[in-house]
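The listed protein sequences correspond, in order, to chains A and B.
Heads up, the first sequence is in this note's numbering, so the first residue is 36 and it goes up one at a time.
Heads up, the second sequence is in this note's numbering, so the first residue is 33 and it goes up one at a time.
Errors might be hidden in some of the hints.
Quick partial rundown of chain B residues pointing at chain A, CB under 10 Å, derived from the structure [as the list claims (entries may be wrong)]: (1) Gln38; (2) Gly85; (3) Ala124.
In case anyone wonders, no lab produced these hints; they're calculated from the structure.
If you're wondering where the values come from, they're calculated on a predicted model, not measured in any experiment.
The beta-carbon is built from N, C-alpha and C at its ideal position, and this holds for glycine as well.
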Amino acid sequence: KQEVTQIPAALSVPEGENLVLNCSFTDSAIYNLQWFRQDPGKGLTSLLLIQSSQREQTSGRLNASLDKSSGRSTLYIAASQPGDSATYLCAVSSQGGSEKLVFGKGMKLTVNP
Amino acid sequence: NAGVTQTPKFRVLKTGQSMTLLCAQDMNHEYMYWYRQDPGMGLRLIHYSVGEGTTAKGEVPDGYNVSRLKKQNFLLGLESAAPSQTSVYFCASSRYTLASYEQYFGPGTRLTVT
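Modelling step: build the complete structure from the supplied sequences, incorporating the hints.
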């Protein structure tokens, strides 16, 4: 059974720092990996999707990398801003059920001005 | 283009009552999903559908039923609500494109069962 872990559960940083958010998964036979952002009381917004054949994806200040063999992904946020404060969730789909996602519990990020 | 919408946004039920949550998407997506989100548990898949007229069980299906009579709608039913079903429910949809299934989420329904 696929399990997804995000450590730490919460992080508080001053504005301007470059951040690395971690995600690990137990079964390396993934189909794709998706990073989401969730603001309080809101739904999930897709940030980046990495296919199993890819090593990284970039969107603006965000860069997500994937290392299937070690079961890890990182989300890099450059020059963090208070508006980046949110919960970030990592989710993977497996080869045996590629249309379904298994989620980590998320990491709550607070960027202080 | 509204994306994924959910009705209602909030609801309070008494134990034993029934209700239906409606999810609608206007992106012509084949796949639709219902999740619940609980503190400390993350998001867990309840049921999903791979196309009109199909449904399948997810990780936590007990106590829920679903129907997908139209491609754009996915209904989640609680026949006899229990306090353990107090949660935030999210609907999502996706389609197969560029060798991946990217999921898009609705805003959620906050359900309290007393």
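Enumerated hints in conflict with the structure, sorted upward:
Structure breaks hint 2 only.
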